[in-house]
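Chain B is fixed; fit chain U onto it per the hints.
Here are the chains, one letter per residue:
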Amino acid sequence: MNHWFEVVNAALFHNVSTPVIVLAVFCVAVIAATVAFAVHEIRHDLS
Amino acid sequence: MRRYNTKNLGTGFLYFYIHFVTEVACFFALARYTESAPVAWLVSFTFDMLAFVPQSIFGYISDKIKRVSFGLAGLILLAAALALQEYTPWTFVSLVVLCIGNAFTHVNGAEVTLRTSNGSLSHSAIFVSGGSFGVVSGKLLGAAGAPYWLVMILIAAAVPFAILAQMYLKDGEFYDTVPCCAFRYNNPKISKYLVILFSVIVVIVRGYMAYGIPISWKKSTLQTVILFSFMGIGKALGGILADLFGVKKVALGSIALALPFLLFGDNHMFVSLIGVMFFSMTMSVTLAVLVSVLPKAPGLAFGFTTIGLFLGTAPVFFFKITGLTANCIMLCIMTVICLGCMFISIRKDGDHEPLV
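For the record, the sequence lines run as chains B and U.
One rule links them: number in the working numbering = place in the first sequence (from 1) + 6.
FYI, the working numbering numbers position 134 of the second sequence as 128, with every residue one higher than the one before it.
Bound conformation, chain B alone (with noise of 0.2 Å):
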């Protein structure tokens, strides 16, 4: 059990760029999400 931690750990902190990568997808997806939910909100408010 610690040894998938660790392996996470060392992927995620031992090599910068990896998780940079990885957070900036996320952080796409999640601005992505938030815009929609927003046009959402608005569209169902002039309805």
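Everything labelled a hint here was simulated from the structure, so no lab data went into it.
Heads up, some of the hints might be wrong.
One side of the interface only, derived from the structure: several residues of chain U facing chain B at Cβ under 8 Å [what the hints assert, rightly or not]:
# : residue
1 : Leu36
2 : Ser50
3 : Tyr54
4 : Tyr187
5 : Gly247
6 : Lys290
7 : Phe298
Bear in mind that the values here come from a model prediction, so they are computed numbers and not experimental data.
Each residue gets a CB set at the ideal place from its N, CA and C atoms; glycine is no exception.
Same frame as chain B, but now just chain U:
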């Protein structure tokens, strides 16, 4: 001067403390991640992203599932993160738990203060201001090697506050109507999408500007504490003054007044502090404008400000403008952008539609 609305102002103070404790816990934990330089950089960057960006999604869930106490859950997660950091070697896991806890308490703070304020900015401004005091306290406690249980006690002391804040939310009147219908600070002559865009641009620009403020005078710990305290005072004062004198006047006035003090305060602490205070005043204004276009989703509106804050601070992790002249030019340009965006997106003071 308008009549000042003190109804439910207690929620602002409840969340002032909860926000304070949240930031203490986070910055205490961040100060204790003693890794090598690139990893320390990544820990800070990951925290910035995972604590700020998902707040919009958590906020939207909180808007829809109203009976769950995100504040209480956030405090439990913060305590769990500190325990994980103390007793396990799982840096990544404790960091993620810390970020989610941070996001939960922030989202709940926004929900509670916005929903109970009846259109006033003071409640959310007082909530937001607690963070500045928490950041500096957490950094100092972490740097001083304070024991983790001390922060645990602070978190435990915030639990009754979170329960009480949830009681305010459970009051029927905040559920039966559109939660934030009293917020009508957006310019009705332009599209709501543009208002969101301009408000987020203001937050991004302000986030980046904060790192470019020339503060050569800041050398001692006491001066750091004073700087963060003035930030906190400015944030709270912005909301209070906006309620008293009008949102647009305070937003435009504070940004314009901040510029000369920031430009000439590089070596003069008190001049710079006045600038920092003015500069911090617009924080609650952008939130109020965003809530005005998303009155049924205050959590989502708050999420836009945190996304903006992340986007504004993210470039600093990769490159930073150095040199006083370049910084001053950047401050001037960004002030003009902020003024333009706020002038267009904020409704003229006193030009409110009647309440439905």
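Item to check | Unsatisfied constraints (hint numbers, rising) | outcome: 5
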